[in-house]
Amino acid sequence: MNQQELTLEQVLSQRRESNRGIVNVVESMTKLVIFELQGDWFAFHGDKIREILSQVNVFFVPGCPPSLEGVINVRGDIESVISLHELLQLPASADMASASYLLGRGAGMSSGIRVDEVVDVVDVPLSNIHKPPTTLPEHLRTIVSGILRFKEKTVTVLDLDRIFADYSQGLG
Amino acid sequence: MALDIKKFISRFVEEAREHVKRLGEGLDTLSRDSSDRENINAIFRSAHTIKGSSRMLKLTAITETAHKLEDVLGAMRDGSLNYRPELGNLLYRSVDAIALLVESLATSGDPATLQPVDVVLCASLAQAATGEVAVAEAPLSCIDPAKDGVPAVVKSASSPSVIPSSLAVPPPPPSQAKLNAADTVRVRLAKLDELIKLMGEVVSSHATLRQRLLDFRMIERDGSPEHWVQHRARLHHFGLTLRDDVQSQELLMDELHDKALIMRMLPLSMVFDSAGRVVRDLAHSVGKEVACVVSGAEIELDRQMIDKLSDPIVHLLRNAIDHGLETPVERVAAGKSSQGRVTLSARQDGGWVVIEVADDGGGVPIEAVREKALRKGFISVEQASGMSDQEVVDLIFQPGFSTSTIITDISGRGVGMDVVRQSIVDDLQGEVTVETRLGTGTTFALRLPLSLAVMRVLLVEVNGLPFGVIAQYVAELIRVSHEEMLTVVERKAVIIRNEFVPVVALADLLHVPERLVKTTRSQAGISDRGMLLVVVRVRNEKLALAVDDLLDELDMVIKPLPEHMRRLTVVSGMVITGKNELVSVLHAPALLELARKVRSQASRTEAANHAGEQEFVYKILVVDDSLNTREIEKDVLEAWGYHVTLAEDGIDGLQQARTGTFDAILTDVEMPNMDGFTLTSMLRQEEKYRDTPIVIITSREKEEDKRRGIQVGADAYIVKGEFDQNSLVDTLRSLLG
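Here the protein sequences line up with chains A and B, keeping their order.
Quick note: the first sequence uses the working numbering, first residue 1, plus one each step.
Quick note: the second sequence uses the working numbering, first residue 1, plus one each step.
Next comes chain B alone, as it looks inside the complex (with noise of 0.2 Å):
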């Protein structure tokens, strides 16, 4: 019977990984610390153990390149070669050959598909290990010659500048820039034990639920009237009892639950691990020198989670190679190093995990942006000059959009972006961030939740049904009466602090039917103490979700739509109450997108039936850091048809006035880098600005503080809390005459 050899593959490929992984630590160790003889003799051990195993299995290849990189390990340890920076990217080259040939069998599966060694490699391996000088530049990794068509490229450059020399070299196969996922989880046993002690409580739990339903029979048997006091009293007696033991089951049920869950946990290392050679192998194609940061790889993930997640980061990582770090020679031209940096972190914030994949590159070229988006045809030119330098950012997670000039074969292709956004906000139920200055790089943040099994919801009521917000999202719960309300542009808003939040009835947003049978109770809940509001904050912005009535807050596990319903981007799943009711879980950035969506709509009638009313179209400036606050002051100018530009800061606002023509400006007080105050006075020194109305829109309502608008050069000073559109627009209109 022929030996079932597929077994043994996956058994060593799982080792095999283990071991590049410690190859590659050690490298880096090295790298930094040449003199550490453990380090060399743990790398040296690592080289030997995957030469052994693959012998075994006659993965020649491996064997091979493993091989001769132990012969050079060898030499290291007894002292007849010192490391030096050309012989650490030779050793590099090498783990990563080796690397190459076991993901390869790992998705084969079959020794015999494994390409042939690279033997331009080995042979520089074995020149290195005599401790020659000569360390040839090999092609980044084994390409085969048969499939390419072209021999691989040798070139024994003695310099160890790889600009020249990557160019020249075929780009690797696009499969290879892959991070690994798991298809096992390995469990402690220790762990595992745990659980079963636990299932063994959960079962005698159960035997003691039966034993009551014993008791209550024997109670109900004897239950004769003469003694009902006895009996109620056996029957409180036992009420207690059953109390006790649905507690202590429930106790038991919460903590196998959490070790359950916990075993489906994973280190994001699974990811972050082989992101250093993704880095090294895509820098190197496009001949840029990148260094990879990696930290917070020991933060654990449900594994459902870490499976999605390796196409999104290897994206991101390409991106910020391709496209965020600039050549060399352009970073030395910028004062910088030749060497750019990609830094790869993790880190956990609440309920949610931040990954961050940042490089110091050139930033998005905004400009760029703008024009190709008009050039397009995503946006129309009236939007291009209205959009803040955020939103113009956030054109790139558009589907078909792609900034770079040249196509390459790591970015460019105008896919990914979205594809990116799509399966962090759709599959994983996080966000995408993306922070970008010009000259000094890119970060993209992606929020994700730690599991998607089990999420804390808050529930709450809408015409008599339930529904589930994800307590990630729910920025806080406020109840406010109806004075408070503002209606702005035929829809309501509310002040706080310091921020204009826009509120709609979930009811309504949903289109929830009517309640059938009405219940008095949250009726009465909204005329006595006002509005109840669940405030959803996605990124920097907010919306004030009106409900009848908050529920409970549970940990609750997220079952999935059908197939065909998960379309529905509005809910992201179901949960099961405890009275067996179905709950649709709304998915928060979904809610703002369709509120956006009405609002355009609601706007866009408004500036319909003021359209006419002027004659000339003012330009106006809006400067104020709350996202929600400059959107609804847009909102209201543009009903009234005046042509609005927004900025998000002092500094901001002071680029835009200078760069543009403005009729007016509207300014908030407190904000960032700048103050509205500074702004104001900035302003009033300009030649352009020294008449045009300034007015401040500020929650400030002290008397000095008005006193001081007035010192700085307002035109007029309009306190939040006593805000309502009417007054904005009449000084405005007064102001422009």
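Isolated chain A (complex conformation) (with noise of 0.2 Å):
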């Protein structure tokens, strides 16, 4: 028993020995802002998302592609709104009135996104964001940039900088 117990240490200090530098470095964070579509938890990296709006009335422009529901009006700036199911391939959601709207920036643009709502900011240790699998469905591939377990759920991040450069390549 005793004898075991020392083994044990004996094994937790070589390990320790070994990893010495890296525990020695602090783990780095990254702030999240975590929203639900269809049910499905997706993420974006925070220092992409200005501010989050709820309650905001989206106005009618024609000539929008589908996934651009249209302008909201923050504080006498006009911004786009996108909407993301088509992207994700996921059914439009029928209740507007609920929804939550982040103002994001990326990829040299501006413009709000409507989610179901969000979930919660947190800041997550960049290690428990895992790479995306390869089984991935190909309309994602690009898209993602990493896969994380957030209260029970799988949390898809999303890559904004990316989802904005093809937006504005596709309207061109």
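Just so you know, not all the hints are guaranteed correct.
A short, non-exhaustive set of chain A residues, derived as facing chain B with CB atoms under 8 Å [unchecked claim]:
| hint | residue |
| --- | --- |
| 1 | Phe59 |
| 2 | Phe60 |
| 3 | Pro62 |
| 4 | Gly63 |
| 5 | Cys64 |
| 6 | Asn73 |
| 7 | Glu79 |
| 8 | Ser80 |
| 9 | Ser110 |
| 10 | Ser111 |
| 11 | Tyr167 |
| 12 | Ser168 |
Listing some non-contacts, in silico: residues in chain B with all C-beta distances to chain A over 12 Å [as the list claims (entries may be wrong)]:
| hint | residue |
| --- | --- |
| 13 | Phe44 |
| 14 | Ala106 |
| 15 | Thr113 |
| 16 | Ala207 |
| 17 | Asp244 |
| 18 | Gln247 |
| 19 | Ser380 |
| 20 | Glu391 |
| 21 | Val425 |
| 22 | Lys492 |
| 23 | Asn498 |
| 24 | Glu541 |
| 25 | Asp555 |
| 26 | Arg658 |
| 27 | Leu735 |
Quick caveat, the hints were computed from the structure, so don't treat them as lab data.
Quick reminder that beta carbons are idealized off the backbone N, C-alpha and C, glycines included.
Combine the two chains into a complex, taking the hints into account.
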């Protein structure tokens, strides 16, 4: 018994020895804005989201592609509203009233993004975000930057820069 | 501590620009009247000032040139030297050289990068000051010999003719032909004081409103049920005072708004003043003699527009000199003076400013343009034969189109005209039109709103949603009954004063979603009083938009769409209404474009339906001065398988008829240059049209007109009021057998 405990300690100290270089580094954290779309959870990196707005009126603009729902008035500046449903191949949300809007900026453009609900804004260690599995469907492969477990659910981390870049090219 | 010379440089540049401008104006006056002493004094002073201030900043090249210029002017002032045209040319050149140095300094901001002084020019000036005749034909301006790798060409040609020598002169660097745009605005102190005074008023008016809030609280507190009569009277009184306050506040805000906007206005002279120099430089480099006439430079425009106008105008000037004007030899052969003339003018037209760049050159060679468009594959053979001259001329705005067979440095690279159109139409919300007459010249007209910041906007409602239309584009608002609506090739049209105007429902055109909540008010409006139409006009083309209701007409601040949405050409911006709604402001030219697209699809399907009904394709000539009417008649006839050629007035029609062969001719009566009756009788005198069916389509329904029509030889007379496509097609069928 005694002998065994000693061995365990030895093992642990050995491991510490071998991991010394890593342990000394403070784990870097990242802020994520986690939101829900059709029951699934997604997230953007916090530094890409300037603001979270709720209860805003979206106004129709003629000639927009379907993914562009219209425009909103953010203190006198006009911002577009993008819906991610089409991109993520999700059915369109019926209930617009309870929607929230994330004001994102990336790839040289700025736009509102409509989400069903904002779940949380959290700081997570970078190491908790895993590489997306290779089995990811085709349409998600380029826009998903990682996968994370949060509150027993899988959160798909999306690359806002990539989405906006694709978006502005798609319009052009 | 080193002296921050940058600050002084920018101040110098601003001052020098002004003096260069004065020098240019003074030389213009001098060339007309060399005896004006006061004028010579003024030019002398400007040259002297430039010399002095440039010396302080050690801008040697400028100092030297200005110094020599001053010497010449000094000699003229004390009468030891008299003005001669050759001397005038030399003076212009030296002013241009100074201007160039100043501009290069403005871009670099660093005196060290300034080109060395043009020795040849200075030598000629020095020589001229001594009163010697020889005026060297120096190169156009300071061309840095080191950069170009060739020494500046010197020709001591005694003749003032520029043609041979200019060929040897390397073309000026492209950056040279740039008009100046201001980085700063100078505001008169009085204007600024007014603004500050108004601001003070707004602050005190706000204090009044705060007091009203206190008053209201008081009334609220005292409101006991026993004194309700008294209470109501107080409330009423309060309402009245508040109304007055809001009204005076409104006046104040309007005034503040106007005053603030005026500060953004700059005179067109910002762009126009350097035009003379640009024209001279360009003309010189292609060996043409050009006089430049500028007018309307005092008209003020929003500075944002002034900034963006410079490139299009330079391009149009280049185009006029390079493509528009003929060479002196060609001009003389054509019986014109050897000196060409380029006119840059501006005038106000309602809420618009019209800027025209006109030349008295040979006009756009329409056949050459048509052939080139065919060769480049912009249009098909079929399209080419059916296009009117105006449509052909418009082809020069196609990206990649350039008619010059030789690519020159000035223009002809095939970029430009499309960029001109794009910047005028998309960035400035304006229009570009071309008018050209073979042999007499070409005029490009830019039609621009006075300001982009605030515009008069008409708000209309469609499916419960508001939309804005910029009022300048709205030709009229009318209400028509359903009976007055015509159906032409499965789409609707109305006749407004002898002209067919296509009608589209705005809701369909824009795919506005069905309203969620139906309000009975406007629904009832449609059925009871007919359709409400907003007729928009772009150039001479009209389109009637059916809307549910008119909401308001206001001066509104137009906010730009986010960058990535600018490609939505239909929407030119957003306005915010009093209810804090965002409303899309529709861009009328884009709406017309859209309607045309929808229309051509419709007529294609229609044509497919009728295809095969006719084995032989008849050729029809349609003569009408209204573009809309022509287009509609063309659509109808093409839908029934006829081949249609268009002509825009009697003379055009007669020419078309003489050059081509037609199986039938449709003509309007009232047209400029030659009316339909005359056309008909003229055609009857032609051998090949003696028996060709001629149909008169007009809104004149008087018996005597009909009689006259038959007298001059028309086979049928259709009144537009009773027009429907079947009667036209049936008539034609019966006439053609």
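Evaluated hints:
1. Phe59: Check passed: Cβ of phenylalanine 59(A) comes within 4 Å of chain B, closer than 8 Å.
2. Phe60: 6 Å, holds
3. Pro62: 4 Å, holds
4. Gly63: Interface hint status for glycine 63(A): holds (4 Å vs cutoff 8 Å).
5. Cys64: With Cβ-Cβ at 7 Å, under 8 Å, it holds.
6. Asn73: At 5 Å from the nearest chain B Cβ, asparagine 73(A) passes the 8 Å test, so the hint holds.
7. Glu79: Because about 6 Å separates glutamate 79(A) from the closest Cβ in chain B, which is inside the 8 Å limit, the hint holds.
8. Ser80: 5 Å, holds
9. Ser110: 7 Å, holds
10. Ser111: 7 Å, holds
11. Tyr167: 7 Å, holds
12. Ser168: 4 Å, holds
13. Phe44: Phenylalanine 44(B) is indeed farther than 12 Å from all Cβ atoms of chain A, at 53 Å.
14. Ala106: Non-interface label stands for alanine 106(B): nearest chain A Cβ at 30 Å, farther than 12 Å.
15. Thr113: 32 Å, holds
16. Ala207: Holds, because the least Cβ-Cβ distance between alanine 207(B) and chain A comes to about 25 Å, which exceeds 12 Å.
17. Asp244: For aspartate 244(B), whose nearest Cβ neighbour in chain A is about 28 Å away, the distance exceeds 12 Å, so it holds.
18. Gln247: 25 Å, holds
19. Ser380: With a cut-off of 12 Å, serine 380(B) remains clear of chain A, as the shortest Cβ separation is near 28 Å.
20. Glu391: 26 Å, holds
21. Val425: The claim stands: valine 425(B) keeps its Cβ more than 12 Å from every Cβ of chain A (closest is about 16 Å).
22. Lys492: 20 Å, holds
23. Asn498: Consistent with the label, asparagine 498(B) stays out of reach of chain A, its closest Cβ about 32 Å off (over 12 Å).
24. Glu541: 20 Å, holds
25. Asp555: 18 Å, holds
26. Arg658: Non-interface label on arginine 658(B) holds, nearest chain A Cβ at 45 Å vs cutoff 12 Å.
27. Leu735: Nearest chain A Cβ is 44 Å from leucine 735(B), so the label holds.
This entry satisfies every hint, going by the numbered hints stated previously.
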